[in-house]
Amino acid sequence: MDGTYIAFAPLQGYTDAVYRRAHWECVGGVDEYYTPFVRIEKGEIRKKDLRDTDPTVNEGVPTVPQVIAKDGDEFSRLCDALQGQGWGRIDLNMGCPFPMQVKAGRGNGLLQRPEHVEEILREMQKRPEVSFSVKMRLGQESEEEGLRVMPIINEMPLVHVTLHPRLGRQQYKGVADKEAFMRFMEGGQHPMVYNGDVVELKMENGKWKIGADAIDSTKLKGVMIGRGLLVRPWMLSDKEPHMVIKNMHAIVYRHATEHLCGDSQILSRLHAFWEYLDIPHKQKKAIMKATTLRRYNEAVAFLSR
Numbered sequence: 000m001d002g003t004y005i006a007f008a009p010l011q012g013y014t015d016a017v018y019r020r021a022h023w024e025c026v027g028g029v030d031e032y033y034t035p036f037v038r039i040e041k042g043e044i045r046k047k048d049l050r051d052t053d054p055t056v057n058e059g060v061p062t063v064p065q066v067i068a069k070d071g072d073e074f075s076r077l078c079d080a081l082q083g084q085g086w087g088r089i090d091l092n093m094g095c096p097f098p099m100q101v102k103a104g105r106g107n108g109l110l111q112r113p114e115h116v117e118e119i120l121r122e123m124q125k126r127p128e129v130s131f132s133v134k135m136r137l138g139q140e141s142e143e144e145g146l147r148v149m150p151i152i153n154e155m156p157l158v159h160v161t162l163h164p165r166l167g168r169q170q171y172k173g174v175a176d177k178e179a180f181m182r183f184m185e186g187g188q189h190p191m192v193y194n195g196d197v198v199e200l201k202m203e204n205g206k207w208k209i210g211a212d213a214i215d216s217t218k219l220k221g222v223m224i225g226r227g228l229l230v231r232p233w234m235l236s237d238k239e240p241h242m243v244i245k246n247m248h249a250i251v252y253r254h255a256t257e258h259l260c261g262d263s264q265i266l267s268r269l270h271a272f273w274e275y276l277d278i279p280h281k282q283k284k285a286i287m288k289a290t291t292l293r294r295y296n297e298a299v300a301f302l303s304r
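First residue of the sequence shown? That's 0 in numbering that gives the first Met the number 0, and the numbers climb one at a time after it.
Rather than coming from a laboratory, the hints here were simulated on the basis of the structure.
A hint or two may mislead.
Claimed, not checked - As a list, the in silico DSS-like pairs of lysine-lysine whose alpha-carbon atoms are at most 30 Å apart:
#1 K218 x K177
#2 K177 x K102
#3 K288 x K172
#4 K102 x K41
The model shown is predicted, which means the values in this text are computed figures rather than measured ones.
Please take these sequences and the hints and turn them into a complete structure.
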């Protein structure tokens with residue numbers, strides 16, 4: 000395994016189908032873009048989520064739909080819906096740390112319920128036509144939670160396991176524990192993908208250098224990057240940052256103004272594009288303060304220079 004796989008992690012409200020396409024067409028360098036998780040809410044699958052996984056809006060972009068489920072029944076319903084759209088590749092979120100999802104037993108909360116992980120294993124085994132993967136954390140309260148479900152995960156028919164080496168209760172605070180990642184990787188039976196604090200990425204002598212640390216193993220498939228690519232979407236290319244931002248913005252702007260109604264809706268989507276971007280503070284402040292489309296266009300006029 001050469002470890003060169005690169006995935007773009009999902010982030011709700013930011014990496015929708017339009018953003019994913021903009022990055023793919025203007026930058027590329029990504030093997031798979033993961034969608035924000037498809038969920039069941041008030042007993043029904045959210046229609047908004049299914050619109051984002053509609054194959055017609057993802058055509059030509061290497062996309063993986065992600066689901067979040069609390070048990071085998073929810074997982075089965077979500078898989079049925081995605082397979083009904085024509086998907087043969089599905090990722091399961093077992094790492095979302097947000098309290099509402101954890102308390103419901105979804106995301107990272109699933110790691111505290113091995114019996115429900117077993118149910119999902121059985122549902123996966125009923126669907127040999129689907130290529131599954133799992134994204135997880137070390138545990139919610141302790142690393143032992145993740146280690147306890149690893150034997151079940153090892154039985155799952157997976158193309159890989161993505162591990163963000165933090166506890167759920169940490170949210171995104173502290174430092175990702177690369178030593179814990181190595182422990183999980185040695186105990187796992189599937190190829191592993193590293194996720195967490197990837198803001199600079201280099202490969203040296205066949206090893207990924209993530210910050211100051213190198214990760215090397217025959218089980219390492221590659222890395223998944225989330226916020227790092229939202230901050231510096233040009234990270235995986237040698238393209239000039241200004242042109243990347245300009246070209247991506249043009250795609251997001253055109254879609255927002257053609258499909259959303261009123262300045263408030265349009266600006267909400269456009270502000271999200273800029274929120275993480277690494278640009279001068281003065282420019283970002285003017286953009287984020289814009290309350291009308293006219294003011295916004297004045298604030299982003301620097302793109303045409």
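Okay, the hints, checked on the actual structure:
1. For a cut-off of 30 Å, the pair hint linking K218 to K177 stands: about 15 Å separates their Cα positions.
2. About 27 Å separates the Cα atoms of K177 and K102, which keeps this hinted pair within 30 Å; it holds.
3. Distance check on the hinted pair: K288 and K172 sit about 27 Å apart at the alpha-carbon level, within 30 Å; holds.
4. With a C-alpha separation of about 15 Å, the suggested pair K102 and K41 falls inside the 30 Å cut-off, and the hint holds.
Hint compliance for this structure: no hint is broken.
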